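Undergrad: Sequence:
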Amino acid sequence: MKSIATDSDGRLEVKFNSKGQPIGTTSIKLSSFLGALVREIVPITITDWRKITPGMKEVLWKSIQVRYKVDKEWQKYYVFRTMADLWRASKSRLVSKLRKAPNEEARMNLKPDNINSEIEWKSYVREKTSAEYKAFV
Numbered sequence: 037m038k039s040i041a042t043d044s045d046g047r048l049e050v051k052f053n054s055k056g057q058p059i060g061t062t063s064i065k066l067s068s069f070l071g072a073l074v075r076e077i078v079p080i081t082i083t084d085w086r087k088i089t090p091g092m093k094e095v096l097w098k099s100i101q102v103r104y105k106v107d108k109e110w111q112k113y114y115v116f117r118t119m120a121d122l123w124r125a126s127k128s129r130l131v132s133k134l135r136k137a138p139n140e141e142a143r144m145n146l147k148p149d150n151i152n153s154e155i156e157w158k159s160y161v162r163e164k165t166s167a168e169y170k171a172f173v
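For what it's worth, the working numbering labels the leading residue of the sequence shown as 37, then goes sequentially.
Note that these hints are calculated values from the structure, not bench results.
One thing to keep in mind: the hints can contain errors.
Claimed, not checked - Mimicking SDA-like on lysine to any residue, the simulated pairs with C-alpha atoms at most 20 Å apart in a straight line are:
no., residue 1, residue 2
1, 108, 67
2, 127, 168
3, 98, 86
4, 65, 117
5, 93, 121
As the structure is a prediction and not an experimental result, all values here were calculated from the model.
Take these sequences, add in the hints, and give me the full structure.
TA: Below you can see the structure in the form of structure tokens.
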């Protein structure tokens, strides 16, 4: 992520194939950028990707457009669909780590930086490590 953030080439051109999927080396940078961006901006405590606020969507889209040449509506659709997948995968990996953590201190150390409230984090941890959640999954 550091090389992406400090790269001074300007906006990078993203090439897409006939199926609307990004291709080439820029597509790899885009995917890495999207994963890091969504983990940093969208809290995992949100229950559903579709519930992110319009303001958060705008921040995400502007952040992407500053770095990449993706201006068309279909490109925006692809990017947001990809971010949703990356966010869910990240959330799933974190929940797995929470469930394997040996104690409360280890679970607290897993708190993402974009969760400001310790109370919110503890509530999330309690929910994801509860017997009801384990039975649901």
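Undergrad: Determine for every hint whether it applies to the structure shown.
TA: We went through each hint and held it up to the structure:
{"no.": "1", "hint": "108 with 67", "verdict": "holds, 17 Å"}
{"no.": "2", "hint": "127 with 168", "verdict": "holds, 18 Å"}
{"no.": "3", "hint": "98 with 86", "verdict": "holds, 18 Å"}
{"no.": "4", "hint": "65 with 117", "verdict": "holds, 17 Å"}
{"no.": "5", "hint": "93 with 121", "verdict": "holds, 15 Å"}
In the structure shown, no violation is registered for any of the earlier numbered hints.
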